[in-house]
Amino acid sequence: MKYINYPHTNLYLQNLIEDRDFLELREYALKENVPIMNVETKEFIKTILISKRPKSILEIGSAIGYSALVFDKYTDAEITTIELDEETANIARDNFSKYNAKINLINKDAQKALSDLNQGFDFVFIDANKSRYMDYFIETSKLLNDGGIIIADNVLFKGMVVNDDYVDKRMITIVKRLRNYLAYVMDRKDFQTTIIPIGDGLTLSIKE
Numbered sequence: 001m002k003y004i005n006y007p008h009t010n011l012y013l014q015n016l017i018e019d020r021d022f023l024e025l026r027e028y029a030l031k032e033n034v035p036i037m038n039v040e041t042k043e044f045i046k047t048i049l050i051s052k053r054p055k056s057i058l059e060i061g062s063a064i065g066y067s068a069l070v071f072d073k074y075t076d077a078e079i080t081t082i083e084l085d086e087e088t089a090n091i092a093r094d095n096f097s098k099y100n101a102k103i104n105l106i107n108k109d110a111q112k113a114l115s116d117l118n119q120g121f122d123f124v125f126i127d128a129n130k131s132r133y134m135d136y137f138i139e140t141s142k143l144l145n146d147g148g149i150i151i152a153d154n155v156l157f158k159g160m161v162v163n164d165d166y167v168d169k170r171m172i173t174i175v176k177r178l179r180n181y182l183a184y185v186m187d188r189k190d191f192q193t194t195i196i197p198i199g200d201g202l203t204l205s206i207k208e
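With full-length UniProt numbering, the residue at position 80 of the sequence shown is 80, and numbering never jumps.
Please keep in mind that the hints were generated in silico from the structure rather than gathered at the bench.
Do not rely on the hints blindly, as some may be mistaken.
Claimed, not checked - Quick list of in silico lysine-lysine cross-link-like pairs, BS3-like style, CA-CA up to 30 Å:
1) Lys142 to Lys207
2) Lys52 to Lys31
3) Lys142 to Lys73
4) Lys102 to Lys158
5) Lys102 to Lys176
6) Lys189 to Lys207
7) Lys207 to Lys158
8) Lys142 to Lys98
9) Lys207 to Lys46
10) Lys189 to Lys112
11) Lys52 to Lys73
12) Lys158 to Lys169
13) Lys169 to Lys46
14) Lys189 to Lys102
Based on the sequences and whatever the hints tell you, model everything.
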């Protein structure tokens, strides 16, 4: 199962959206099988960014830098992004340079990088190792300013999280940990969280 929604619904939405943001990077990601946020997810997050106007953004999981560049285009925020893989981090840095984006990239394990940060953030985007989403949420919540937002991508994981019939046996651990993550964030009393079934599923959590 590739999508969590009906394929014809996804196709309709994708055709409806006039996507002009960093098309070269989207084509590269498709060609090289690099996971980046899909068009519907990007449009939703863009709307949140425009309305929230965050001054500081933290991303876990840079990949080739696509999402960080979207954040840079639609905000005036100071952006920090964390990427573990050195080769991927270098590609992201090259893309930041190509688009003249002043984005701070930390090439380090996210847990270690987060422990070194002490500034507050208005917006956090989590799109890295799915098995560690709960850890990432716990650590980034400590850095989040009051009223700040944490969005995590791929939380329904191709529908596997909501229905055992779709679970690939190789993904059982990831699915279990994502289910634990969802139960955890929905139970956090200091956050208002909703699960949004677009793209591959998002959680949007607002710190009260």
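Do the hints match the structure? See the list:
1. Lys142 to Lys207: 10 Å, holds
2. Lys52 to Lys31: 33 Å, violated
3. Lys142 to Lys73: With Cα atoms ~26 Å apart, Lys142 and Lys73 stay inside 30 Å; holds.
4. Lys102 to Lys158: Violated, at about 33 Å.
5. Lys102 to Lys176: Since the Cα atoms of Lys102 and Lys176 sit roughly 37 Å apart, the hinted pair is violated (cutoff 30 Å).
6. Lys189 to Lys207: 9 Å, holds
7. Lys207 to Lys158: Judged against 30 Å, a Cα distance of about 27 Å means the pair holds.
8. Lys142 to Lys98: Answer violated: Lys142 to Lys98 is near 33 Å, above 30 Å.
9. Lys207 to Lys46: 19 Å, holds
10. Lys189 to Lys112: Answer holds: Lys189 to Lys112 is near 26 Å, not above 30 Å.
11. Lys52 to Lys73: Between Lys52 and Lys73 the Cα gap is close to 14 Å, so the pair holds against 30 Å.
12. Lys158 to Lys169: 14 Å, holds
13. Lys169 to Lys46: Distance of about 35 Å is beyond 30 Å: violated.
14. Lys189 to Lys102: Measuring from Cα to Cα gives roughly 35 Å; hence the hint is violated.
Hint compliance for this structure: hints 2, 4, 5, 8, 13 and 14 are broken, all remaining hints hold.
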